[in-house]
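Student: The task is simple: from the sequences and hints, build the whole structure.
As you go down the protein sequences, you meet chains A and B in turn.
My numbering numbers the first residue of the first sequence as 1 and each following residue consecutively.
My numbering numbers the first residue of the second sequence as 1001 and each following residue consecutively.
It should be emphasised that the hints constitute simulated quantities derived from the structure, not laboratory data.
C-beta: ideal position from N, C-alpha, C; glycine also.
One thing to keep in mind: the hints can contain errors.
With beta-carbon atoms standing in for the labels, derived distance ranges [to be verified]: (1) Gly1294/B x Arg125/A: 38 to 44 Å; (2) Asp184/A x Asn1338/B: 26 to 32 Å; (3) Ala1120/B x Asp140/A: 33 to 39 Å; (4) Asn319/A x Asn1338/B: 33 to 39 Å; (5) Arg143/A x Lys1042/B: 31 to 37 Å.
Heads up, simulated DSS-like pairs for lysine-lysine below, C-alpha to C-alpha not over 25 Å straight-line [what the hints assert, rightly or not]: (6) Lys1142/B x Lys1257/B; (7) Lys287/A x Lys1093/B; (8) Lys1016/B x Lys1042/B; (9) Lys1016/B x Lys1065/B; (10) Lys1093/B x Lys236/A; (11) Lys1098/B x Lys283/A; (12) Lys1016/B x Lys1142/B; (13) Lys283/A x Lys1182/B; (14) Lys1093/B x Lys285/A; (15) Lys1098/B x Lys285/A; (16) Lys1258/B x Lys1182/B; (17) Lys1142/B x Lys1119/B; (18) Lys1098/B x Lys236/A; (19) Lys1042/B x Lys285/A; (20) Lys1161/B x Lys1149/B; (21) Lys1093/B x Lys283/A; (22) Lys1023/B x Lys1135/B; (23) Lys1016/B x Lys1166/B; (24) Lys1356/B x Lys1207/B; (25) Lys1119/B x Lys236/A; (26) Lys283/A x Lys236/A.
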Amino acid sequence: MKRVGIPHGLFYFYYYPLWKSFFEDLGWEVVTSSPSSRRTIELGIDTAVDEACFPIKVYMGHIRELCRCRLDYLFVPRLVSIEERSYICPKFMGIPDMVRALVDDTPPLIDIVVDMSRNQKHFQREMNELGQKLGVKRRDWQRAYQRGLQELGFCRALTREGHTMAEAIQIWEGQPAPSLPFADLNIGLLGHGYALYDTAISMDMINRLRRLGSRVILPESLERHLVEAQAATVPKRVFWTLGRSMLGSALHLDQRVDVDGIIYVACFACGPDSIIGEIIERKIKNKPFMFLTIDEHTGEAGLLTRLEAFCDMLRRRRNSNCDSNLSSYG
Amino acid sequence: MIATFPHMGNMHIPLKALFKGLKLHAIEPPPVSKRTLDLGVKYSPEFACLPLKINVGNFIEAMEKGADTIVMGGGWGPCRFGYFAQVEREILKDLGFKFTMVVLEAPDSRLTDLLRQIKALGENVSIGEAYSALKFAWYKLKAVEVLEKSLESCLPRAFNKALVEKYYEQGLQSIDQAENRKALAAVTLEANRAIHAVNCSDEPVLKIGLVGEIYTILEPSTNCHITRHMGRINAEVTRSIYLSDWVNDHLLGGWVKKSNHHHILESSRPYLNYAVGGHGRETVGCSVDFARRGYDGIIQIGPLTCMPEIVAQSVLGRVSRELQIPCMTMYFDEHSGNAGVYTRLEAFVDMLARRKRLNVQTPYARQCPGQTVEAGV
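Tutor: Following this line, the structure appears as structure tokens:
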């Protein structure tokens, strides 16, 4: 039985169910690196170039960890585009090359190019080539891929119920669903999934907010068509998939009566965040808004203080029962 | 209507000619200064890249001079340049400026699209006039680059470096003022002769390839005048990007002049096998090309947090190891400590000189294509 490693970072949080069930249906064993820890972070910082963003560094840590696992293959897809006329980020487009250049002795990489920016044909061709290289029959991988999509759909349905994608993956793998504590606030939390859902990167921000008595609304839990409709209101279509989803979510949340405040979590040195964050900051007029930047610093107390202060402010604003006294931004 | 545009090196010279040919009143923003940078940094997003900040500074200063129409480039990603114009419009609008913004979109499109967009800018010109305006701008651009290349090759060799720089500046001014093709050719020839007439030494100089992001390479105020400084310390810098090449490859479909773009992209294999937006792939390809041409070292420059350059930087380490060529990466942001940059450059040059003196070979070991391709699947 062949062993394939899947790093526990970046688009793991969006696509793991698909990848895992795909490889398992082909009869392979899937090895995942352990969730990010201080050790992963240190390995990653050691490996990646200084200027790379934090999630990329952590991803390199996961790669280093998997390199020691005696694998036949390492799954490092080149995610160019997952929908028409949109991109993810230049760094994702160069990930396999960065891994080859920065990490010695990697197992052979499965560096399939996922480019759906024009149409699905390119992706189909890539999959055909991959199938040939791996010696898998076309019918087999197509069936495995279809089933993978179903599993992914199952997990995405769970996110509609207020779970994060990381929790959905855990539930999908058979662990009990975590109970959500009582909440009196509704906070929209925006950010790249690979930063938000990785508890080491975001310093467990989602659970911290929950413990502070707030329900967290994530972009994945919103209706797609509402988000897209709001994202279409800006003069130029945003060409980053995640950026557009965040802009649309922010504008949508801005108009919802039940939302008390919005937090945007950006990774330091993230290109799309620097642009989209700025536009969101300027467009949100009705809700209190906080822009948080995270990197590899370890000062959790500072983050916690800001979250607490934000929640306190939201409660005070609501209890004072007037909209005009406190400026909602700035 | 008074149009303005962002600065990028000497781009204002051909652009002014273009606007004049389109019978548009255009003013150039004041040269990039400390104030430009301060204004840009004050009003731009904190960790946006440097070009955006300087653009904002340029626009504010140009509008203070009376401009009311901004002409800006665009694109469709994945590099964030494609969204610059949108953010800049929001920022300037919130600052209370009244203006219209014209975005020339889709730089990878057909020439006809570009012509149409340029024609739309010029109100009362025919397609023919628009075409000849474009052509004259192209010749000005070529003339500017003739001088830039002369400066790069003569400065490191000349005894009297100040004289070379003086002739270069004067040459640019007369190119800027040239009214027609004939005058342009004459002043270019004259300036070029003057630069080449300065006494030069016969000592071999260090050859360094300058690769990286287009704006940082073309706009000297963002890179602490790296080419000139290297020239002053007797190192010859060859840039990987000239504006005419870029225009030729991306706007004119490569049919105006011979292009080595394809060769550069091929050179980037097996190090970087996919376009990563911006000039990431060109950076790697040019580095490999410089190494094969026997250059002594490579300097990569880019604005801090530039995404394509970070990918290229990650890969350059491997290029440096396998082709045995020293590479240094420098990122620029709004810091103004030129001395620190110069110290690093001088140290790099000293190191290369020593390496050369000790006769450490920089043999580009000729590899069969495919030999270094790591086992993918």
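Student: Honestly, which of those hints from before does the structure not fit?
Tutor: 2, 3, 4, 5, 8 and 13
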